[in-house]
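Student: Chains as they are written, first to last, in our numbering: chain A, 56 to 170; chain B, 4 to 118.
Treat the hints as calculated values from the structure; they're not laboratory data. Hints should not be assumed to be uniformly reliable.
Unchecked claim - Below, simulated BS3-like cross-link-like pairs (lysine-lysine); rule was C-alpha separation at most 25 Å, straight line:
1. Lys58/B x Lys128/A
2. Lys44/B x Lys162/A
3. Lys67/B x Lys157/A
4. Lys67/B x Lys17/B
5. Lys157/A x Lys17/B
6. Lys106/B x Lys157/A
7. Lys23/B x Lys157/A
8. Lys67/B x Lys128/A
9. Lys106/B x Lys162/A
10. Lys133/A x Lys23/B
11. Lys44/B x Lys133/A
12. Lys157/A x Lys125/A
13. Lys23/B x Lys69/B
14. Lys58/B x Lys157/A
15. Lys125/A x Lys106/B
16. Lys67/B x Lys110/A
Next come the chains, spelled out residue by residue.
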Amino acid sequence: AQTVTQSQPEMSVQEAETVTLSCTYDTSENNYYLFWYKQPPSRQMILVIRQEAYKQQNATENRFSVNFQKAAKSFSLKISDSQLGDTAMYFCAFMPDGANSKLTFGKGITLSVRP
Amino acid sequence: GAVVSQHPSRVICKSGTSVKIECRSLDFQATTMFWYRQFPKQSLMLMATSNEGSKATYEQGVEKDKFLINHASLTLSTLTVTSAHPEDSSFYICSARDRLAGKQFFGPGTRLTVL
Chain A
56 AQTVTQSQPE MSVQEAETVT LSCTYDTSEN NYYLFWYKQP PSRQMILVIR QEAYKQQNAT
116 ENRFSVNFQK AAKSFSLKIS DSQLGDTAMY FCAFMPDGAN SKLTFGKGIT LSVRP
Chain B
4 GAVVSQHPSR VICKSGTSVK IECRSLDFQA TTMFWYRQFP KQSLMLMATS NEGSKATYEQ
64 GVEKDKFLIN HASLTLSTLT VTSAHPEDSS FYICSARDRL AGKQFFGPGT RLTVL
């Protein structure tokens, strides 16, 4: 079974600053995907970034980048130039490769961006 | 990007009645759809996985006779909460897997309130 751990329940960052959200996971799978999802106050889940485990290069999407450390089973999200619209809950998620695989979510972290 | 719609967005019903929630993938075919339940400030809890044309697979502890799931086509899955009670009040989220893109997209959610 897979587990995803987000140990920080809340974080706060000043607008325009950089913040890093931590995530660790545990699995015996060799092929899998990792995700960060954002859930703003509207509660719509939005895919922020996706990483394939077989790729060594860290995924980047504009201001969002990850630090994927496969050996350490760590998958942190860095948000650069934080904006007020980044205020949301962020969920780290794991999914093994396979037709009927399921997402396993962490508990989430509430990020507040201060003006 | 891929869009998943969910209807209704909000429903209030009396105890003992049944409520149907629809989930549609709008621009891709979803052979697999997922139904989640989320309590405030908590993570998503997977209720069941539905594959087009076959019976849904329910997670442990989820009553299949109470939460009826139908996945009749590649773009539509429905969740029916039968004989709803106040403890069923929650936020229900559907999700559709786009296998070609290797991504999972979420609907905007349905807030169910049972009086």
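Student: Compare the structure with each hint and give your call.
Tutor: Status of the hints after comparison with the structure:
Distance hint between Lys58/B and Lys128/A is unfulfilled; the C-alpha atoms sit about 35 Å from each other, more than 25 Å. For the hint pairing Lys44/B with Lys162/A, the CA-to-CA distance comes to about 9 Å; that is within 25 Å, so the pair holds. Simply put, Lys67/B and Lys157/A have alpha-carbon atoms about 18 Å apart, close enough for the 25 Å limit, and the pair holds. For the suggested pair Lys67/B and Lys17/B, the alpha carbons sit about 21 Å apart, so the restraint of at most 25 Å is met.
Annotation: proposed proximity of Lys157/A to Lys17/B is violated, straight-line Cα distance about 33 Å (limit 25 Å). With a C-alpha separation of about 11 Å, the suggested pair Lys106/B and Lys157/A falls inside the 25 Å cut-off, and the hint holds. Under the criterion of a C-alpha separation no larger than 25 Å, the hint pairing Lys23/B with Lys157/A is consistent with the structure, at around 24 Å. Distance restraint check for Lys67/B and Lys128/A: the Cα-Cα separation of roughly 35 Å exceeds the 25 Å cut-off, and the hinted pair is therefore not satisfied.
For the given pair, Lys106/B sits about 20 Å from Lys162/A by alpha-carbon distance, which is consistent with the 25 Å threshold. The hinted pair formed by Lys133/A and Lys23/B fails the criterion: a straight-line CA distance of about 39 Å is larger than 25 Å. Straight-line distance between C-alpha atoms of Lys44/B and Lys133/A comes to about 22 Å, which keeps the hinted pair within the 25 Å bound. Distance restraint check for Lys157/A and Lys125/A: the Cα-Cα separation of roughly 20 Å lies within the 25 Å cut-off, and the hinted pair is therefore satisfied.
Only pairs whose Cα atoms come within 25 Å are accepted, and Lys23/B paired with Lys69/B is accepted, the gap being roughly 12 Å. For the given pair, Lys58/B sits about 16 Å from Lys157/A by alpha-carbon distance, which is consistent with the 25 Å threshold. Proximity of Lys125/A to Lys106/B is assessed by CA-CA distance (about 20 Å); at most 25 Å being required, the pair is judged to hold. The hinted pair formed by Lys67/B and Lys110/A fails the criterion: a straight-line CA distance of about 39 Å is larger than 25 Å.
Violated hints for the displayed structure, listed by number in ascending order: 1, 5, 8, 10 and 16.
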